[in-house]
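2 protein chains.
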Amino acid sequence: MTKYIALAAITLDGKIAKNSRHFTDWTSKEDKIFFRKELEKGDAIIVGNNTYKTARTYLSKRNCIVFTRKTRTVKKVKNLLYCNPKNLDLKKLIKDLRYKRINILGGAETYSFCLKNGLFDELYLTIEPIVFGQGIGLFSEKHDKKFTLVSTKKLNKQGSILLHYKKK
Amino acid sequence: MTKYIALAAITLDGKIAKNSRHFTDWTSKEDKIFFRKELEKGDAIIVGNNTYKTARTYLSKRNCIVFTRKTRTVKKVKNLLYCNPKNLDLKKLIKDLRYKRINILGGAETYSFCLKNGLFDELYLTIEPIVFGQGIGLFSEKHDKKFTLVSTKKLNKQGSILLHYKKK
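The listed protein sequences correspond, in order, to chains A and B.
Quick note on this note's numbering: the first sequence kicks off at 1 and runs consecutively.
Quick note on this note's numbering: the second sequence kicks off at 1 and runs consecutively.
Where hints are given, some of them may not hold.
Covered by chain A, according to a simulated footprint, are these stretches of chain B (three or more residues, beta-carbon under 8 angstroms) [stated by the list, open to error]:
#, segment
1, 125-134
2, 138-151
3, 155-167
If you are wondering where the hints come from, they were derived from the structure by calculation, not from laboratory data.
In this text, a Cβ means the ideal position worked out from N, Cα and C, and glycines have one as well.
Kindly produce the complete structure, drawing on both the sequences and the hints.
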């Protein structure tokens with residue numbers, strides 16, 4: 001069974017970015033360290049094309065499944081696999097690729113697609129002690145889902161906190 | 001010095017309600033117990049008129065400052081004080097009333113007004129382990145504010161968590 005583990009950093013008011021071009025330059029050093037360690041454990045990542053573009057240099061070294069509306073087929077460029085998840089059996093594809101542990105990196109549309117389609121088992125949520133007020137939320141669609149909190153960890157002095165949830 | 005202490009319950013994706021008529025019937029028993037105890041400690045509450053209406057029976061027993069756009073003056077009806085905070089010196093009014101500890105109960109516009117105008121010293125944020133995806137966020141306006149995490153407390157088995165922040 002493949003495990004789908006979402007990673008996200010949000011402000012204390014639940015924003016992942018100020019706008020769609022806003023790269024996560026506001027997260028703590030400690031969150032970035034956790035994030036990198038977590039990616040090391042995984043076989044591949046799922047990421048939306050916009051989010052992929054904001055972090056291409058860093059992510060392009062890894063096995064990436066990049067969600068995009070721009071392709072009807074599955075395009076593979078080295079370790080990058082571009083696909084429109086609405087047009088294929090993603091679970092079968094991932095099984096064929098023998099990926100056992102997948103990290104979902106967002107953005108909001110990608111998190112929502114995965115949550116809606118049974119590709120969302122766990123969530124590591126870092127809450128940074130700042131407020132944006134307005135911006136992009138964690139999800140792009142309505143959901144009504146329950147989780148269980150597995151653990152909490154204070155990451156640093158200013159109070160970035162890492163919450164680990166499992167989907168009920 | 002009067003202390004302004006905001007209380008809020010949000011989903012793990014930062015929503016305070018599904019829509020403006022959605023009463024907080026989704027929060028845990030343990031959050032409700034904390035909420036009531038916290039109100040006991042305070043001298044008065046600040047609450048927006050819409051939020052006040054959704055919880056009138058419960059809140060009307062307390063000293064309430066109800067924010068509304070509908071009045072130009074300050075209207076006092078027993079322990080209820082209706083005002084448009086943009087039209088008066090609220091800090092002076094509160095000083096005259098000798099309120100030392102005030103709880104801000106929302107909604108989003110009220111939280112934003114208080115944060116913008118120096119009436120927001122601390123925040124008790126309960127994060128319930130559920131997802132709405134879409135809905136009303138904690139704030140109604142853009143902000144760029146930093147906080148410090150003072151403490152965390154797991155409230156129950158399913159993992160409602162209470163975070164206590166102070167404004168930097």
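Status of the hints after comparison with the structure:
| no. | hint | in the structure |
| --- | --- | --- |
| 1 | 125-134 | holds (count 8) |
| 2 | 138-151 | holds (count 13) |
| 3 | 155-167 | holds (count 6) |
Every hint from the earlier list agrees with this structure, and none is contradicted.
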